[in-house]
Amino acid sequence: MVFLDFEKPLEMLHDQLERLRQVGEEGDLDMTEQIKELENRIRSKRKEIYANLNGWQKVQLSRHPERPYTLFYINQMCKKFVELHGDRCIKDDKAIVGGLASLDGQTVVILGHQKGVNTKMRQYRNFGMANPEGYRKALRLMKLAERFGFPVITLIDTPGAYPGVEAEERGQAEAIARNLFEMAQLRVPIVSVIIGEGASGGAIGIGLGDRVYMLEYTWYSVISPESCSSILWHSWDYKEQAAEALRLTSDHMQHFGLIDGVIKEPIGGAHTAPEEMARLLKRQIKKALAELADMTPEARIEARIRKYEQMGTYEVVEPEEPKTRKRR
Amino acid sequence: MGWFKRLKEGIQTATRNKKEAPEGLWYQCKQCKATCTRRELRENFHKCPSCNYHVRIGSRDYFELLFDTQPEELFGELRSKDILGFVDLKPYADRLAETMRKTELTDAITVAKGKVNKRPLVVAAMDFNFIGGSMGSVMGERISRAVDHCLEHRIPLLIISKSGGARMMESAFSLMQMAKTSAKLTLMAKAGIPYFSLMTDPTTGGVTASFAMLGDLNFAEPNALIGFAGPRVIKETIKRELPEGFQTAESLLENGFLDFIVDRKDLKERISDLLTLFDSAGNGAVAQPIEQESEEAG
Numbered sequence: 001m002v003f004l005d006f007e008k009p010l011e012m013l014h015d016q017l018e019r020l021r022q023v024g025e026e027g028d029l030d031m032t033e034q035i036k037e038l039e040n041r042i043r044s045k046r047k048e049i050y051a052n053l054n055g056w057q058k059v060q061l062s063r064h065p066e067r068p069y070t071l072f073y074i075n076q077m078c079k080k081f082v083e084l085h086g087d088r089c090i091k092d093d094k095a096i097v098g099g100l101a102s103l104d105g106q107t108v109v110i111l112g113h114q115k116g117v118n119t120k121m122r123q124y125r126n127f128g129m130a131n132p133e134g135y136r137k138a139l140r141l142m143k144l145a146e147r148f149g150f151p152v153i154t155l156i157d158t159p160g161a162y163p164g165v166e167a168e169e170r171g172q173a174e175a176i177a178r179n180l181f182e183m184a185q186l187r188v189p190i191v192s193v194i195i196g197e198g199a200s201g202g203a204i205g206i207g208l209g210d211r212v213y214m215l216e217y218t219w220y221s222v223i224s225p226e227s228c229s230s231i232l233w234h235s236w237d238y239k240e241q242a243a244e245a246l247r248l249t250s251d252h253m254q255h256f257g258l259i260d261g262v263i264k265e266p267i268g269g270a271h272t273a274p275e276e277m278a279r280l281l282k283r284q285i286k287k288a289l290a291e292l293a294d295m296t297p298e299a300r301i302e303a304r305i306r307k308y309e310q311m312g313t314y315e316v317v318e319p320e321e322p323k324t325r326k327r328r
Numbered sequence: 001m002g003w004f005k006r007l008k009e010g011i012q013t014a015t016r017n018k019k020e021a022p023e024g025l026w027y028q029c030k031q032c033k034a035t036c037t038r039r040e041l042r043e044n045f046h047k048c049p050s051c052n053y054h055v056r057i058g059s060r061d062y063f064e065l066l067f068d069t070q071p072e073e074l075f076g077e078l079r080s081k082d083i084l085g086f087v088d089l090k091p092y093a094d095r096l097a098e099t100m101r102k103t104e105l106t107d108a109i110t111v112a113k114g115k116v117n118k119r120p121l122v123v124a125a126m127d128f129n130f131i132g133g134s135m136g137s138v139m140g141e142r143i144s145r146a147v148d149h150c151l152e153h154r155i156p157l158l159i160i161s162k163s164g165g166a167r168m169m170e171s172a173f174s175l176m177q178m179a180k181t182s183a184k185l186t187l188m189a190k191a192g193i194p195y196f197s198l199m200t201d202p203t204t205g206g207v208t209a210s211f212a213m214l215g216d217l218n219f220a221e222p223n224a225l226i227g228f229a230g231p232r233v234i235k236e237t238i239k240r241e242l243p244e245g246f247q248t249a250e251s252l253l254e255n256g257f258l259d260f261i262v263d264r265k266d267l268k269e270r271i272s273d274l275l276t277l278f279d280s281a282g283n284g285a286v287a288q289p290i291e292q293e294s295e296e297a298g
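Those protein sequences? They're chains A and B, same order as listed. Under the working numbering, think of the first position of the first sequence as 1, with each following residue one higher. Under the working numbering, think of the first position of the second sequence as 1, with each following residue one higher.
To be clear, the hints were calculated from the coordinates, so they are not data collected in a lab. One or more hints might be untrue.
If the Cβ cut is set under 10 Å, some of the chain A residues that face chain B in the computed set are [stated by the list, open to error]:
no. : residue
1   : Tyr162
2   : Tyr220
3   : Leu248
4   : Met253
5   : Leu258
6   : Gly261
7   : Val262
8   : Pro266
Here are some of the chain A residues that sit facing chain B, going by a computed Cβ distance under 7 Å [what the hints assert, rightly or not]:
no. : residue
9   : Leu38
10  : Ile42
11  : Glu168
12  : Leu180
13  : Cys228
14  : Glu309
For every residue, glycine included, the Cβ atom is placed at its ideal position computed from N, Cα and C.
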C-alpha cells in the first residue's frame with residue numbers, strides 16, 4: 001500500500017495491525033479482539049482525515065499511483081471490449097485508448113486517457129499525455145459512434161496534452177480545437193467523466209459532453225497547481241496555495257455549475273475499493289445515457305451548446321460614453 | 001576604441017524599478033535594432049521599415065487599419081468578475097482594475113463592427129498588454145455574442161488573436177471558454193457565414209487550441225509565434241534546443257496548418273478580397289456592400 005503524506009497516521013496504525021497479525025499467527029495468543037479494535041480505529045481515523053481534505057491533498061489523491069485508470073474501468077463496466085487503434089494519419093497514440101464495448105447490451109464507444117501501472121508502462125503511455133494523433137484517434141472513434149448511433153463515453157485523466165516538438169509540428173492545438181468543434185455537433189450522446197487529473201486543453205480535448213461528471217477526488221483546471229505556482233508566484237513552492245486559489249476540486253466545480261455532478265468515491269479514494277468505484281461510475285453513466293436517449297439529436301446538440309454558452313462569470317456595467325481618444 | 005567602457009555586464013535594474021519607456025519620437029526595432037520615427041512606423045503599418053518586423057499592436061490599431069471609418073464597438077459593457085477571489089502575489093481584482101486603468105481597455109478582446117471597403121465585418125481583436133491577452137469569461141462571452149450578432153445580421157467574423165492562452169485567475173471558467181467559443185462557432189459554419197482567424201504574435205495555449213485554429217480560413221502575420229505549449233515549457237520538457245523557426249507562422253504554413261501568411265500592409269485588401277470572393281455564392285454568406293451609409297460616412 002502506498003500512503004500519501006497526509007495519511008501518515010494511517011500508515012502507523014497499519015504497521016501496528018500488521019505486527020498484531022504476525023503475533024497472532026505465530027504465537028498462541030488470541031489477537032482477534034485487538035485486531036478488530038485496531039481496524040475500527042483505522043476506519044474512524046480514515047474517515048476523520050478524509051472529511052477534511054484540502055485542495056492539494058485531493059490533487060495528490062487524483063495522482064495516487066494505485067488509482068484505477070481508463071482500461072480498468074472499461075473492463076469492469078463493459079463486456080466484449082474491442083480496442084481500436086490509430087488515427088489513420090500517422091500513428092497510434094498510447095496515451096489515449098478506446099474502442100467498442102457493450103455496456104449491459106448497449107454498444108458504446110468508450111475512450112479515455114490511459115496512464116501506465118508501473119514505471120515501464122508509464123513511459124509507454126507517456127504518463128497519460130496525448131499527442132495530436134491521440135486526439136485525432138479519439139475523434140475518429142467518435143465519428144464512428146455517430147455513424148452507427150452509439151453513445152460516446154470519455155474518461156479523462158491527464159496531466160496535460162504533451163508539450164513536445166513533434167506534437168506542435170503535427171498541430172496539437174488544431175487537434176484539440178477540432179475535437180471541441182466536432183464534439184459540439186456530434187449527433188450521439190456524449191458522457192464525460194474526470195477520473196483523475198483534468199489538466200487544461202489536454203483534458204477538455206475529449207471532454208465536451210452532454211453530461212460531464214467528476215469523481216470526488218479529482219481536479220479540473222486550466223493549469224496544474226505546480227505550473228500555476230511557477231508562473232504566478234515565480235516559484236514551484238506555492239502549489240498548495242495555487243491548488244486552493246484555483247478552486248479546482250470537484251466540489252468547487254459543481255458549485256460553479258461547470259460540471260453536472262460529482263460521483264462519490266469510497267472513503268480513502270477510488271484505489272482502496274476499485275471495483276466499488278467502477279460500479280458507482282457505471283451507475284452514473286447509465287443514468288445519464290438513459291436521460292439523453294429520450295432526446296432527439298437536434299435537441300441534444302441545442303442543449304449542449306446552450307449549456308456551454310451559459311458558462312462564464314462577468315458583470316454588465318452601464319455603457320459609458322465613448323471616450324474621445326487622443327490621436328498621436 | 002570607444003570612449004566608454006561598460007563596467008557591468010547586462011541589465012542591472014531590478015524589474016520593479018523598471019521605467020516604462022516614454023512615448024517618444026523614436027522607435028527602435030526589437031529585431032534589427034534599426035531606428036525610425038514613430039510616424040514612419042505608423043505610416044508603414046506598424047512594421048519596421050528596415051526589416052519588416054511586425055510590431056505588436058493593439059485592437060484599436062487593427063480597427064484603424066481595417067475599417068473604412070470609425071467602427072461601432074460592441075459588448076463593451078461586459079467586465080470580468082473575480083468570482084474565485086483569486087489571490088497570487090496580487091489580488092486578481094486589483095490586477096484587473098490596474099490593467100483597465102493603464103490600458104484604457106475593458107478586456108483582452110474588443111469587438112467592433114464596421115465596414116471594410118464598404119462591406120460589413122465584425123472584428124474581434126485582442127490586446128496583449130491586457131494580462132497577456134488572456135482568455136477569461138469576458139472574452140468567451142464577447143466572442144459568443146459576436147457570433148450571435150453575425151448570425152442575426154449575416155455578417156462575417158474576423159478574430160485577430162494575440163494571446164498567451166487562458167486566464168489562470170479564472171481557472172476552470174477560462175478553460176470552459178474553449179468549449180464555449182468552439183461550440184458557438186459551429187453555428188456560424190452551419191449558417192454558412194464565414195469566420196476568418198488571423199493569428200498574430202503570439203498566439204498560444206487555449207486560444208490556439210480553440211477558436212484560433214477553427215477558422216474557415218486560418219492565416220497569420222509573418223513570423224508570428226503560434227503554438228499550443230509555450231517554447232519555454234517545451235524546452236524544459238524535452239531538455240534540448242528547439243529547431244530553428246519552430247512555432248513560427250512560416251513553419252505552420254509549411255506543416256499545413258495555415259492557409260496563408262499576410263503582410264500587414266496587405267491585410268485590408270486581402271480581407272476585402274475574401275469578403276468579395278465569399279459573396280459570389282449568392283447565398284447571402286456575406287452581406288452586400290452598403291453604398292449609401294459609406295458615402296455619408298466618407
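Hint-by-hint comparison with the structure:
1. For Tyr162/A, the suggested interface contact is upheld, since its CB lies about 8 Å from the closest CB of chain B, less than 10 Å.
2. Hint status for Tyr220/A relative to chain B: holds, with the closest Cβ pair at about 6 Å, below 10 Å.
3. Interface hint status for Leu248/A: upheld, as the beta-carbon distance to the closest one in chain B is roughly 6 Å, under 10 Å.
4. The restraint placing Met253/A at the interface with chain B holds, with a minimum CB-CB distance near 6 Å, inside the 10 Å limit.
5. Because the beta carbon of Leu258/A sits about 5 Å from the nearest beta carbon in chain B, less than 10 Å, this interface hint is met.
6. At about 15 Å, the closest approach between the beta carbon of Gly261/A and any beta carbon in chain B exceeds 10 Å, and the interface hint on this residue is violated.
7. At its closest, the beta carbon of Val262/A sits 14 Å from a beta carbon of chain B; the interface hint therefore is violated under the 10 Å criterion.
8. Because the closest C-beta pair between Pro266/A and chain B is about 25 Å apart, greater than 10 Å, the hint is violated.
9. Hint status for Leu38/A relative to chain B: violated, with the closest Cβ pair at about 41 Å, above 7 Å.
10. For Ile42/A, the shortest C-beta to C-beta distance to chain B is roughly 35 Å, which exceeds 7 Å, and the interface hint is violated.
11. Because the beta carbon of Glu168/A sits about 5 Å from the nearest beta carbon in chain B, less than 7 Å, this interface hint is met.
12. Of the supplied interface hints, the one on Leu180/A holds, with its beta-carbon coming within about 4 Å of a beta-carbon of chain B, less than 7 Å.
13. Restraint check, Cys228/A versus chain B: the minimum CB separation of about 6 Å is within 7 Å; hint holds.
14. Residue-level restraint check for Glu309/A holds (minimum Cβ-Cβ distance to chain B is 6 Å; threshold 7 Å).
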